Amino acid sequence: MTSDRRVPRAARRAVPPGLLATPALAWLALFFVAPVGLVFWYSLGRKPGLYQTHANDVLTLDRYREALGDTFLTSFSGTLRIGVTGTALCLAIGLPFAYWLAVKVRPHRRFVVLALVLVPFWTNFLIRTIGWQVVLSPEGFASRAMQSLGLIDAPFSMLFTRGAVLLGVVYNYLPMMILPLYVALDRIDGSLREASNDLGANRWRTALQVTLPLARPGIAAGLLLVFIPLMGDYVTAAVLGGARGNMVGQLVASQFQQAQNWALGSAMAVVLIVVIALTILATAAAGAVCTWLLTHRRRRELAGIAEGSAA
Amino acid sequence: MRSRPIVDRLLGVWGLLVIAFLFTPIAVIVVYSFNSGRLLASWEGFGLDAYSAALSNDDILSAVSVSVRAAAGAAVIAVVLGTLCGYALARHPGGRIGRLVTTLLALVLVTPEIVSGVALLPWFVSLGVDQNLTLFNSGWVRLVVAHSLFATAVVTFLVRARMQGMDSSLEEAAADLYTPPLRRFRSVTLPLLLPSVLAGALMAFTLSLDNTIISAFVQVSGSTSWPVYVFSAVRAGLRPELAAMSAVMLLLTLAALAAVALVLRRAGGSKETVGALSGVR
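Residue numbers (this note's numbering), protein chains in the order written: chain F, 1 to 311; chain P, 1 to 281.
These are computed hints drawn from the structure, not numbers from a lab.
These numbers were taken from a predicted model, which means no experiment stands behind them.
All C-beta atoms, glycine included, are put in the ideal place defined by N, C-alpha and C.
With the Cβ distance kept under 10 Å, some of the chain F side facing chain P (calculated, not the full set):
id, residue
1, Val-36
2, Gly-37
3, Thr-53
4, Tyr-99
5, Gly-131
6, Trp-262
Label pairs and their calculated CB-CB ranges:
id, chain 1, residue 1, chain 2, residue 2, range
7, F, Thr-291, P, Val-76, 40 to 46 Å
8, F, Ala-154, P, Gly-37, 19 to 25 Å
9, F, Ser-157, P, Ser-232, 22 to 28 Å
Isolated chain F, as found in the complex:
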């Protein structure tokens, strides 16, 4: 009998499963690892002449010094501000929405609401941003309607400001925040909330000490999915911010597309990656500290209760 079973087992291993991953691995090595590695390599070089884009005959860190100049830093701090504010706003708007969707909406309607969230997600984001440009334009219908209703005295002056850029990025990346939050909240067993309620915790306490800690993976995924693409995005800012919407992505792009200085552009791209990584690490550390404080305090409370009941 044992030899009977051995034959199909051997047949089952005819193609080792690990082998099936190698085409993807080769593809990524060729078109992801190699090109990104090349960016790091270029960033150590220089632009030798007017008509050449890069040279690595002398390795130097000068491009990084050049990249960290005033223009770049101004634009960078502006981008970082929009990135952090935009991500925070997405969380503030998305969290109550995802909670409503996962807990309050009746199950048979949930699919419909979820589809409604997905539809804008799959519409061209540039077109949606242009839609906002139409809404915000001083001669647009919204501006005229509000003027004729007497709500505002002068035409809209929001287009081509930082506020418009912020509106645009919050709008464009909000679904990326809602989806992981929804998945995380949806997985939490409803009986945990009931138990917390039965044990005398009020709604706010249940939300803060039961639901929110359990939704942590979703919050982390949402923050990543919004913050990273937002930091590299310059299209939204170009449509809604005009000249004021100068994001760092635009600077990097112009080094490659206009100035033809690949060495400097590469150094800027590397700085962008490093700053994004550092911001994520800082946020993760802050999150860990918050969690520790919360659990630490609760443990002390529990100890106090135990002593109280023993006395």
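Let chain F serve as the given structure and place chain P on it in line with the hints.
Chain P in isolation, oriented as in the chain F frame:
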């Protein structure tokens, strides 16, 4: 308990407001596609002029066709590579290759588009010009390769999530009945994977249609994709034709989305689809 109805009602209002917020610009674009004026933002009157203008504008039609062809190519590559890879990761998670691929795919997902764009442009130039692989001077090939990377990661994680939710007893039964490996894959594994493969293909397609930044870097003249065309029109002046073409594409995307949603719903995998899509597993 007394506060419940008020808080619930507030949450409901918030939910509706967010949905309205998400749909505002889409509604505006659809309405303004019927603007008979010359400039998109200034309404002159109702008319279908923009639609006939869009469908007879060669630049617009060629940009849309470039985008659709690139999206089809990227979706095919992503589905082939991602299905194999996702299957391997679910059935053989501990291997060294598996861990390496997972790390790389995660890195692909978190790399900002601008970085991928600036990395791929010099790479294609050095492959196409310096190494004389003329294949990489074709705009279509460049767009397909560039768009396939992110899409491969999405398909892989979708397929892996689907596969992990399924035990391997069916495949083992087929193996015990001496079904040859290829046939086993075709008639047992693939039907099980179909919903995630379909969802992945659709996502790969729409992500590629949407891609602006990477496309702007890797394109060669003559193969301008639709988003890049729209982006250049933002600087040159927006006309209602763009809105009309967008409305047509929105309609087509929605039809495709509805078809896939129907298949997925029948297979009961909507939750895991959203989960895999959003990176939460």
